[in-house]
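Using the sequences and the hints, build the whole thing.
At position 74 of the sequence shown (counting the first as 1) the number is 73 in numbering that gives the first Met the number 0, and the numbers step up by one without a gap.
Just so you know, the hints here were simulated from the structure itself, not pulled from any lab data. Wrong hints could be hidden among the right ones.
[Stated by the list, open to error] Across the chosen pairs, the derived CB separations fall in these ranges:
1) 38 <-> 127: 28 to 38 Å
2) 71 <-> 113: 17 to 27 Å
3) 124 <-> 21: 50 to 60 Å
4) 47 <-> 26: 16 to 26 Å
[Claimed, not checked] Here are the simulated lysine to aspartate or glutamate pairs, DMTMM-like style, with alpha carbons at most 20 Å apart:
5) 55 <-> 34
6) 6 <-> 26
7) 65 <-> 116
8) 78 <-> 104
9) 65 <-> 127
10) 65 <-> 26
11) 64 <-> 75
12) 82 <-> 116
13) 82 <-> 50
14) 5 <-> 50
15) 78 <-> 112
16) 78 <-> 26
17) 65 <-> 117
Note that the structure is predicted; figures quoted are calculated from it, not measured. Built from N, CA and C at the ideal position, the CB exists for glycine as well.
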Amino acid sequence: MVYLAKKNGEVIHHTDMAAMMAIDGIETPDLAIPDSAFAAYGYLARVIDGEIYLGKTEAEKAEDKKLWQIAQIDEELVKINEKSIRASAALSLATAKGETPNEEDIQFLQEYEARAEELRDERRLLTE
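As structure tokens, then:
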């Protein structure tokens, strides 16, 4: 078991009641939960509005989700850039030589740029 108690506006926790008393002078915890439950909350306990709150708040979870989505978008944009390097180089080289670029390279780049623009718009909405 994990024993949690409020002390000086913070949450202290112990796995031994005798230690809680000896170290923090608290005889009775405000909350006792199994070790596995505390682990499931990421070992996070805070005092919010005068009560012990376990885990992340809904706002924190939403922020984590948003940051994860941004990271996924950034990862996909990097992949798009990596995949389009060869076609971009071929297009640049043909243009520099005064030649007509390969139509497949142009189409390839247009498709990737369209997807990249969608992702950039989605990312912009997440960061506003």
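Here's how the hints hold up against the structure:
1. Our hint of 28 to 38 Å for residue 38 and residue 127 holds, since their Cβ atoms are close to 35 Å apart.
2. Between residue 71 and residue 113 the C-beta distance comes to about 18 Å, which sits within the given range of 17 to 27 Å.
3. Distance hint check for residue 124 and residue 21: the Cβ-Cβ separation is about 53 Å, which falls inside the suggested range of 50 to 60 Å.
4. Range check, residue 47 to residue 26: about 24 Å between beta-carbon atoms, so the 16 to 26 Å window is met.
5. Taking the CA atoms of residue 55 and residue 34, the gap is about 17 Å. The hint holds against a cut of 20 Å.
6. Using a Cα cut-off of 20 Å, the hinted pair residue 6 and residue 26 holds, with the two alpha carbons roughly 12 Å apart.
7. Restraint check for residue 65 and residue 116: the C-alpha separation of about 19 Å stays at or below 20 Å, so the hint holds.
8. Among the hinted pairs, residue 78 with residue 104 is consistent with the structure: their alpha-carbon atoms are about 17 Å apart, no more than 20 Å.
9. As the CA atoms of residue 65 and residue 127 are separated by approximately 11 Å, the hinted pair is consistent with the 20 Å bound.
10. The hinted pair formed by residue 65 and residue 26 fails the criterion: a straight-line CA distance of about 42 Å is larger than 20 Å.
11. Between residue 64 and residue 75 the CA atoms are separated by roughly 17 Å; this keeps the pair inside 20 Å, and the hint holds.
12. Between the alpha carbons of residue 82 and residue 116 the distance comes to roughly 15 Å, so the proposed pair stays at or under 20 Å and holds.
13. A distance of roughly 52 Å separates the Cα atoms of residue 82 and residue 50; the hinted pair therefore is violated under the 20 Å criterion.
14. Annotation: proposed proximity of residue 5 to residue 50 holds, straight-line Cα distance about 8 Å (limit 20 Å).
15. The hinted pair formed by residue 78 and residue 112 meets the criterion: a straight-line CA distance of about 12 Å does not exceed 20 Å.
16. Restraint check for residue 78 and residue 26: not satisfied, since their Cα atoms lie roughly 57 Å apart, outside the 20 Å limit.
17. For a cut-off of 20 Å, the pair hint linking residue 65 to residue 117 stands: about 17 Å separates their Cα positions.
When the structure is compared with the earlier hints, violations turn up for hints 10, 13, 16 and for no others.
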